[in-house]
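Protein sequence lines, in the order shown, are assigned to chains X and G. Going by my numbering, the letters in the first sequence line up with residues 1 to 275, in that order. Going by my numbering, the letters in the second sequence line up with residues 1 to 230, in that order.
Careful: at least some of the hints might be erroneous.
As the list claims (entries may be wrong) - DEER-style ranges, computed between Cβ atoms:
| id | chain 1 | residue 1 | chain 2 | residue 2 | range |
| --- | --- | --- | --- | --- | --- |
| 1 | G | 180 | X | 27 | 37 to 43 Å |
| 2 | G | 180 | X | 55 | 48 to 54 Å |
| 3 | G | 185 | X | 105 | 37 to 43 Å |
| 4 | X | 185 | G | 16 | 36 to 42 Å |
| 5 | X | 118 | G | 78 | 54 to 60 Å |
| 6 | G | 16 | X | 222 | 57 to 63 Å |
| 7 | G | 53 | X | 88 | 51 to 57 Å |
| 8 | G | 173 | X | 88 | 36 to 42 Å |
Honestly, the hints are just simulated from the structure, not real lab data. Here a beta-carbon is modelled for each residue, glycine too, at the ideal position from N, C-alpha and C.
The residues making up each chain are set out below.
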Amino acid sequence: MVSVNNVTFSYENGCNALDGISLTVSDGEIVCIVGHNGSGKSTLAKMFNGLLIPSSGTVTVNGMDTADEEKTLEIRRQVGVVFQNPDNQIVTTIVKEDVAFGPENLGVPTEEMIVRVDDALKAVGMESYADSAPHMLSGGQKQRIAIAGMLAMEPETLILDEATAMLDPMGRRDILNIVKKLNKEKNITVVMITQYMEEAVFADRVIVMNNGHIEMEGTPEYVFSKGDELRAIGLDVPPAVELREMLKKEGVADCGSAMTLEELAEQLCRSLSKN
Amino acid sequence: MQPTSGKVTVDGFDMSNKKQRAKGRALVGMVFQYPDYQLFDETVYKDISFGPKNMKLSSEEVDRRVREAMRLVGLDFDEFAEKSPFELSGGEKRRTALAGIIAMYPKYLVLDEPMAGLDPAGRRAVLEMISEFRSQLGCAVVMVSHSMDDIARSADRVYVLRDGKIFRSGTPSEIFNNADELNEMGLEPPFASRMASELRRRGFDIPRGIYTNEALTECLAAYGKGADHV
């Protein structure tokens with residue numbers, strides 16, 4: 001469980017990136033954080049594993065305070081972060097060594113390491129690339145290696161800080177499917193920070209950030225029923241919701257709370273055949 | 001980068017010829033995907049003025065262009081001019097990189113994934129900016145993008161590359177006609193064309209060539225009315 005308690009954070013230039021944020025992420029949850037560029041969501045992500053320490057307030061990971069330097073290593077093991085730029089996260093020249101880098105630093109014995117690296121690569125569908133050179137991989141494959149590197153540390157929580165932002169649609173789909181699978185099968189808690197509203201549709205809870213505070217919070221159904229509020233703070237709704245809104249406004253069909261292409265198609269079929 | 005074979009010319013300047021290349025390059029402004037690699041100076045102002053200064057323009061002209069470029073990309077002069085590029089958010093960095101290029105008044109603006117990493121408002125703003133450059137500066141725009149929705153909104157002409165070859169070329173309507181083919185390639189056609197093909201699969205008679213929400217809504221409205229009469 002990660003708790004953020006009344007956290008503020010200011011960068012050196014004095015601007016308040018976080019302004020009194022409180023939230024709790026429960027075990028096994030998928031939480032999506034959305035917000036415009038500069039809304040504070042990446043700053044918040046860096047709080048979760050102590051990459052940044054609050055100016056005031058506290059962040060605790062399973063009761064451990066991120067400000068306590070003695071706990072830093074254990075916190076970083078429990079909370080893995082995957083960042084936006086795949087090229088900045090690859091540290092070695094062979095995929096399996098890259099995945100082993102984290103656990104090696106934790107002092108995991110060799111035999112166990114081999115098992116962990118194998119498992120991690122399988123979990124992201126990259127086992128056949130174990131001996132490849134990371135720089136030969138696509139952006140999406142690099143991000144999968146970065147996720148595998150985190151998995152090899154056996155974290156409880158995975159933070160994806162716009163990890164799909166630089167990927168093509170197929171790469172994004174792959175990462176999303178892997179994340180959903182890890183959540184379901186390994187009960188890994190997921191905090192996803194994203195600019196793509198359609199990625200938030202799969203979350204248990206969506207947190208909307210604006211100017212360093214939480215503007216709105218709730219299920220995807222609730223948050224994406226507030227299209228005008230979201231657009232007013234530089235965000236948007238998923239494409240299916242955008243079409244749903246237009247169909248309703250033009251009096252063509254009321255498609256309820258459909259948020260994906262399949263849901264919307266289903267609703268449309270019903271609504272139009274009723275006529 | 002030079003071709004292994006074949007030739008690239010920009011307004012007739014042969015880009016493989018050292019002397020001509022410099023002239024050709026002066027016509028082309030490039031903005032890359034990772035703005036971090038493009039920003040280097042102490043302040044936003046200095047960074048944007050670097051290009052125009054190298055063009056040996058008067059300092060008044062450089063100042064005018066920096067201000068104009070910042071206005072076009074939506075960076076407030078008083079707020080950002082003296083900031084360090086490294087204090088900026090991802091979206092602000094990209095705007096700065098873009099401003100540095102347009103301050104040189106390129107005839108051709110080449111943008112590699114200009115919307116990647118931006119929030120929805122940022123994506124809309126960049127698309128609007130691009131069309132404003134086109135009308136104000138009269139430059140041609142070549143945009144590399146994964147986002148079919150963005151392309152649907154802005155392009156006159158689309159080239160689809162596959163395995164290093166031009167796989168398809170045409171207007172957005174021609175390209176997005178075949179949503180399934182793009183899907184197979186790992187590209188995501190605009191939402192409206194995916195929706196149209198899903199509805200077709202479910203037995204709806206949706207005409208081909210629809211790739212915007214507006215067109216699809218119109219078509220479904222007619223469909224609903226048509227069904228009334230049955």
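Worksheet item: Any hints this thing doesn't respect? Which numbers, in order?
Response: 4, 7
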